[in-house]
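Residue numbers (numbering that gives the first Met the number 0), protein chains in the order written: chain A, 0 to 447; chain B, 0 to 569; chain C, 0 to 430.
In short, the hints are calculated from the structure, not lab data. Treat the hints with care, since some could be wrong.
[Stated by the list, open to error] Keeping only pairs whose Cα atoms sit at most 25 Å apart, straight-line, the calculated SDA-like set for lysine to any residue is:
(1) Lys261(C) - Ala320(C)
(2) Lys235(B) - Glu251(B)
(3) Lys197(C) - Gly483(B)
(4) Lys321(B) - Ala360(B)
(5) Lys421(B) - Ala72(B)
(6) Lys66(A) - Asn29(A)
(7) Lys186(B) - Thr42(B)
(8) Lys254(B) - Asn227(A)
(9) Lys422(A) - Arg186(C)
(10) Lys466(B) - Asp509(B)
(11) Lys395(C) - Glu351(A)
(12) Lys422(A) - Pro319(B)
(13) Lys261(C) - Asn332(B)
(14) Lys197(C) - Gln487(B)
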Amino acid sequence: MKNILLFLLVACLVQWGFAQPQTGDLLIKNGTVITVTGADLPGTDVLIQKGKITRIAKNIAAPTGVKVVDATGQFVMPGIIDAHSHIAIDAVNEATSPVTAEVWTGDVIDPYAIEIYHALAGGVTAVHAMHGSANVIGGQCQTLKLRYGQMDPKDLIMEGAPRTIKFALGENPMRVHGTGSGIHPSTRMGVEFVIREALSQARNYATAWTTYREKVKRDPKAAPPAYNERMETLAAILKGDIIIHCHSYRADEILMLMNVCKDFGIKKLCFQHVNEGYKVAPELAAFGAGASVFSDWWAYKFEVYYSTSYNAAILTRNGVVTSINSDDAELIRHLYHEAAKTQRYGGLTDNEALRLITINPATQLGIEKRVGSIEVGKEGDIAIFSHHPLSVYAVPQMTIVDGVVRFDIHTDPADMRLEVDPKEKITPTLFREGDQDRCMQDTEFIRQ
Amino acid sequence: MKQAITQGSNFWRRGCFGLALLALAMQPLLLRAQGNEPPVTRTFVLTGATVIPAPGQKLENTRVVVKNGLITAVAADAAIPGEAKILAADSMFVYAGFISGLSWAGVPSKDEPQQQGRQRAPEGVIPGTPPDKLAGITPAQTVNEFLDPEDKAIGELRSVGFTAALTPPRGKMLPGQGSLILLAGNKPDQMPYRDHLAVYAQFVPAAGVYPATPLGLMATWKNLYHEATSGLEYEKRYKTSPADMERPMYPEKVKAFYPVVDKTQPVLFRTNDDKSAFRALALQQELGFRLMLAELSRGQAALGKIKAANVPVFLSLDLPEKPKADAKKPEINPNPEIQAENDSLLKRQEAALKQAWTQAADFAKAGVPFGFSTIELKPKSFQDNVALMIENGLTEAQLLTALTTEPARLFGVSDVMGTVEKGKMANLVVMDKPLSDPKAKVKMVIVDGQVFEISTKKAGKADAGVKVSGKWDYTVESPQGSNGGVLQLKGADGDYSGTIYNDRMGRTLDLSDVSVDGKQLSFSYEAGGNGRSFTVQVSATLNGETMEGTMSVGDFGSFPFKATRTGDPD
Amino acid sequence: MKKTLSLALAALWLVGGLQAQMPKARNGVFAIKNATLITVTQDTIVGNLVIRNGLIADMGAAAAIPADAEVIDGTGKFVYPGLIDGGTLIGLQELRSIDLTQDFEEVGDISPQMQALTAVNPNSALIPVNRAGGVTTALTVPSGSLFPGTAALINLHGYTPEQMYAGFKIVVIEFPSTGRNGRFDRRSEEDIQKDADKKVKQINDLWDEVTLYAKIDSAHKAGKGEAPAYRPDLAALVPVVKGEASLLVEVNAASDILNALKWIKEKKVKAVLTGVAEGWRVAKAIADSGVPVITGPVLSLPTRDSDRYDRPYANAGAMKAAGVTVAIRSSQAENVRNLAFNAGFAAAYGLGTQGALEAVTIVPARIFGVDKQIGSLEKGKVATLFIADGDPFESKTQVTHVFIGGWLMPDDNRQLGLYREFLERDPGLKK
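Chain A extracted, bound-state conformation (with noise of 0.2 Å):
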């Protein structure tokens, strides 16, 4: 990361344009390896080439070239995952319409964003970049590997990862639309309606244009349907090619959606923050929907008030897959310790709670495959802790993506900005208002 920094200082001698590595030799020694899907392995060594953990043993022998770094006495474990959050993109919701499932959070990514090297600070190396929660059907969102210091944004999209989409239930699409702009959904029924109709004219769109295709085989004077992105969408869903990732918080709403979902076929599901999924944690286990929850996040609107945060425990014990998310650019510093709190709240095993941070989330986004346990064949996205990750006094130390040091405690510089402005004073104040509500950013407009 230093070196991303010196890179930048001394730009003007340097050739412009040449990206950073993004993958890169790492080799770890000697730390107490957390596997995850495995045992942990004290003393342990994990090697990673070319992006790519390839052997986890004790002592292996640097290659040749490759860095070696000395975790002995300190805890490695698989890089952090949130299965929602907001950072790195220029816009959160395009709240001027109930349905706009064809805009995508990849499309608007912000490189420079400082939330992303924080995240990195806390030893998060993937987040899900999430569409906010005006709109009942809101956008794709993007998988993004935490890159930090790759200046093309198409740089921090993880390729390869699922398609994903950001559904909304309850009261933001209700007060967005129903009493903003006076039309569907101002109610529940409204939101069931909205998701409804969507699909079926998409069921419809995707009908018309197969008969289409099919036709213009034989007629070359068949004339093709009106093309339409949002349609396009939503008939991809309807495929199977996208995961739903629903905001939600009361328990009918949830079941609301899993009952919508069963009659058109769709299975990918997994909802967001779900705060009363502990009350239909039965039904969520029984459908195969995850849940990604707050650890103790409740109580700041009505529909949360009847919140546990026992949540976590209760759906894990129950058999849905869980994790805990940050939907926040502070929260996001310490997922580690909001997986902690499960054991306050709970009980649950220190294995459970590393999972609701790695594998849980990386099997949430489709991504489980690749990441989110330390397995050879893995990608290198490792965080490093100097205490066991879900004590109290767990320090980061390090943080690697694709085997590429993104956040190293002891040789980052404070100021970490990719860019800085010319023109701004020195001493800039500026003091944050509570980022408490990303998922409504863009629609003060509606909320005044």
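Model the placement of chains B and C on the given structure of chain A, informed by the hints.
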């Protein structure tokens, strides 16, 4: 307005010797008669000049003969036609007229005034389904219907040597088609040289309606492109044999994209920084259209990708100013840790400035061909910025290429513009020193054979007898009603500063570029809110204790502006 | 696994069943036997702790267990003084998005007479949820204007505000800020300064007014002259201006902290700084002033993009190292329970476990002048304490018993109740 040609040696280097700010004046030379009378002659000869026919070339003591808007000879011994007017250009330097890759000169902002950004949809409009105009998706309209030869910006841009510019309509994400216009002419239809040169695009979402964010904007782009691809394919089939076929009924905006889809027309994308350049490049790579980037600043990070994609680029001529040499040094903080922090912040800021100044040189070094665009350029800073780029490694030949031959090539007009050659359009710049000389001044600009002498006067004279300093109460009449506040102006003799307070915004903002020419006061400032900023420009005529003029607010329109002096500044 | 769980649950139900639907706090004589007693102010000892009449009647290795005591086996467990949160909204806010459930922000710039204690809702569902984490006492603070009101120290138990009141109130000032309010605050630097200067002038004018009010009032009380006009705002400030009561000064930016310290010195105010996000930048100046600090939340973002990422975590430790008296606050309503974790992070980033423990027990007790009653485990002090199976800053640790003023809190709160009901929902998938 009288002309007075003076030889201020440090003319363009503002602040260099603490000189009074100088004002400029320009006016077509009276080679044509007043009104509709024909000019006495349309033939003239520049004599004794050093001519730079093309970047890297030089002809000493050479004549340039211009007749009926064309260059008819460039030679030391060129015959001087009997009907010619002689324009002595001894010791002067003659260049081909500069071409801006993107400008709004000639398109005054007359759009319906709108509030910025995060606002509600207008009454009766459902935010998700706005009409195209409100959404800012009007790629079918051309700039020609908006051209206004009276626009002040034409003269301002011309006064620093520009003779032509690619000018699109103003608007939001897809305002329309740009034309290459000549920076002269009495009637709108005399200005465009070539129509439909490019579909103009920018990352400006709509206000309160879809697409209200870059999210919707990018999706709209893809949707339009795919719709047009499908539409074009069907229309081609239909054209071949329409019998038995449904009549194609694609909207105008979709049809306007057909030339983009079949690559007969490029998209000129305004991308202010590397991030938006990357975004435009991503669209281009996904969809496959022909792309040009414009108004790029500090875009080095995208250089490699621009080069690989072989995308032409116009770099912004607007550069951050050099910090004033006499600026106050910040106090040393007694805490060494804090002081070290301040030092490192300062160092990074210097690097950022340097990055802005070296952009052109870096692009040149990387072998990426580029021109310049002038959307953000304050013409008065042109020579300063040229000096900064030269100082930071750009050669005069590279500079001239970017100002002349490269834009001519990119717009497909190399046969008529970009060099000083027999047969080309008489677009010329006459300077008293070589272009790369920081002290160089434009003395004369010839556009399409029409001569404009550029004169300068000392501001001390320009504002003689006019008292600017004072506290002024002002009002602005906008369609939302009238509002106002307090304007404070300080200084004299061409060196002015000030602040403006707006009652409704409830805050004070610093003015920049306060200048006075005769009784003409102008200044600008950066305003904004809700995460956006825009430039407000005011020009007004001083009349003793009152002034009257217009305030133009970003892209959102011009409004009547009035002020009355209430006392001395605080 | 499932079977054990069921059994454990069944046991819970049995016990819970006897306690009926609405568990209540109980007082009486309790003896915690053979526990590690973390006194905070003195050495850690292993022994017994006896609670009687709301007080720590006896403690130590030799402390006898009274015959009438309900004995709690503390073997392998730890007893801590109750955690004190130096700045919260608890009791004043039920739901963050619903204004009508919020009672911390009154209309007007200057309203020091507004009493937080009046508006504390003793039956807030938030209270039992949060005290379960060992937070027994919290300063609940009005906010949102120059003088938003008077904060009150409350115990997180009681049926009336009076029963909850922990014996300390403090007038709050939000010191004029030269920072921006957020990313949409687009005021020029000059304007920010002007706004701040205007407010400082407003305060100074107010100070003169209060002085005059106090003079007239005491003259009147001494039988000389008429009573001053009815000005409860001024009356509320009289003890502060006279230096009899302290003032809670919310301030965060480095330059504002320096300005506040200057003003405090000038006006000879007995002050407590709170917030102090950029305290590390001016730690020496704060230490030199001797003004104590309640900082937090520790779990927050750096104030400037160019700052090192861990500045907020390290802030408390940096100030303490410079000699500042530092307490910690959560600034929360619904998650005051995270005070322990805020302290834990401060501990990990330079404050140390003992320093962090002090910052949430004895230090705030001293700042609030209640250190004779709470803030440490000492014989004769009020029995406001909790029992845990480990370090309370560690997430894994379970807090098993919470005593407030000698009352044993019921082992129940809404969130725990939902856990007990839904861990194994019945009926499950099929009815």
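The hints, checked one at a time:
1. Lys261(C) - Ala320(C): Holds: Lys261(C) and Ala320(C) sit about 22 Å apart, inside 25 Å.
2. Lys235(B) - Glu251(B): Given pair Lys235(B), Glu251(B) holds - Cα atoms ~16 Å apart, limit 25 Å.
3. Lys197(C) - Gly483(B): With Cα atoms ~22 Å apart, Lys197(C) and Gly483(B) stay inside 25 Å; holds.
4. Lys321(B) - Ala360(B): 17 Å, holds
5. Lys421(B) - Ala72(B): Within the cut-off at roughly 5 Å; holds.
6. Lys66(A) - Asn29(A): 14 Å, holds
7. Lys186(B) - Thr42(B): 22 Å, holds
8. Lys254(B) - Asn227(A): 16 Å, holds
9. Lys422(A) - Arg186(C): This hinted pair holds, its Cα atoms lying about 16 Å apart.
10. Lys466(B) - Asp509(B): 20 Å, holds
11. Lys395(C) - Glu351(A): 13 Å, holds
12. Lys422(A) - Pro319(B): Holds, because 7 Å separates the two Cα atoms, which is no more than 25 Å.
13. Lys261(C) - Asn332(B): 18 Å, holds
14. Lys197(C) - Gln487(B): Roughly 20 Å separates the two Cα atoms, so the pair holds.
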